[in-house]
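Student: Residue numbers (our numbering), protein chains in the order written: chain H, 1 to 106; chain B, 1 to 141.
Keep in mind the hints are simulated off the structure, nothing from the lab. Incorrect hints may have been included.
What the hints assert, rightly or not - What follows is a set of in silico ranges between Cβ atoms, one per label pair, in the way DEER data are often shown:
id	chain 1	residue 1	chain 2	residue 2	range
1	H	N4	B	E125	45 to 53 Å
2	B	H6	H	K39	31 to 39 Å
3	B	T91	H	K74	20 to 28 Å
4	B	D87	H	V20	44 to 52 Å
5	H	S94	B	S18	28 to 36 Å
6	B	K117	H	L78	37 to 45 Å
7	B	K130	H	V73	13 to 21 Å
Glycine residues also receive a C-beta, built at the ideal position from the N, C-alpha and C atoms.
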Amino acid sequence: MKINDLIKNLNADIINIADVDREIVGGYCGDFLSVVMGKAPESAGWFTIMNNQNVAAVATLTDVGVIILCDGVKPDPLLDKKVRDVDINCITTSLSVFDAVKKSGL
Amino acid sequence: MSEALHLEFEVAGNNFVSAGGASDEVKKTLKMLGVSTASIRKVAIAMYEGEINMVIHAGGGRAIVDIYRDRIVIVLQDNGPGIPDIDLALTEGYSTATDSIRDLGFGAGMGLPNMKKYTDEFKIESEVGKGTTVTMVVNFV
């Protein structure tokens, strides 16, 4: 699935889009970063409510396709800056993690 | 490349802004060298976990990295409090992280298990009161 379709499905706001053509494949839900690092597949949509700068580091190192901040969570200022600096995909939705997964179509 | 490409990094303690910088540098270097994405992912995860452990538990440390044609050797050295029971520390879910560290999303007790899982060779030497040295090898595929 392309990110634009995901954005539409989740009625999401864009924090940063690095690669509009990136194919998002599957997903992973989690807030404990080490668990996400160990289990999130490459190119996945990562559904989380964690919003600090370490989220960007984990997303970059594991090469997930997009960070999806759920429950109306916005990135804190450091994460907001970091997703732009390292240029990774990050969106935010008012949906809960549960509803976001259901509506994502992933 | 018969000789190793040698890299060294200082990892600052309790600094979550710079945490992950060394892992990111190594990841970029491996990408430049044409190492497979599967191997890069293993290295990135194992090294980031190690870096974070030094940031959280040891007041920082040093990462010494040697990249060969067919593998990478990562040595993480710190002068932190040491690990009294290594087997226990390697148990999934066991953590000594504080609540404030958990609030940051760490402390799930998956750090050392992930490091072991994503490396082909893994060794911890630790002395209470003196520090810990972790040696990890990832063979490139």
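Student: So the hint says 13 to 21 Å: do the beta-carbon atoms of B:K130 and H:V73 match that?
Tutor: Check failed, 42 Å falls outside 13 to 21 Å.
Student: Given the range 20 to 28 Å, decide if the beta-carbon distance of B:T91 to H:K74 lies inside it.
Tutor: violated (36 Å)
Student: Okay, B:K117 versus H:L78 on CB: inside 37 to 45 Å?
Tutor: violated (29 Å)
Student: Note whether the CB distance of B:D87 and H:V20 lies within 44 to 52 Å or breaks it.
Tutor: Once the Cβ atoms are compared, 48 Å apart, the range 44 to 52 Å for H:V20 and B:D87 holds.
Student: Between the beta carbons of H:S94 and B:S18, is the distance compatible with 28 to 36 Å?
Tutor: holds (33 Å)
Student: So does H:N4 sit 45 to 53 Å from B:E125, Cβ to Cβ?
Tutor: 50 Å Cβ-Cβ, so the 45 to 53 Å window holds.
Student: Does the Cβ pair B:H6, H:K39 satisfy 31 to 39 Å?
Tutor: For B:H6 and H:K39 the Cβ distance comes to about 32 Å; the hint holds.
Violation of the numbered hints given earlier is confined to hints 3, 6, 7; the remaining hints are satisfied by the structure.
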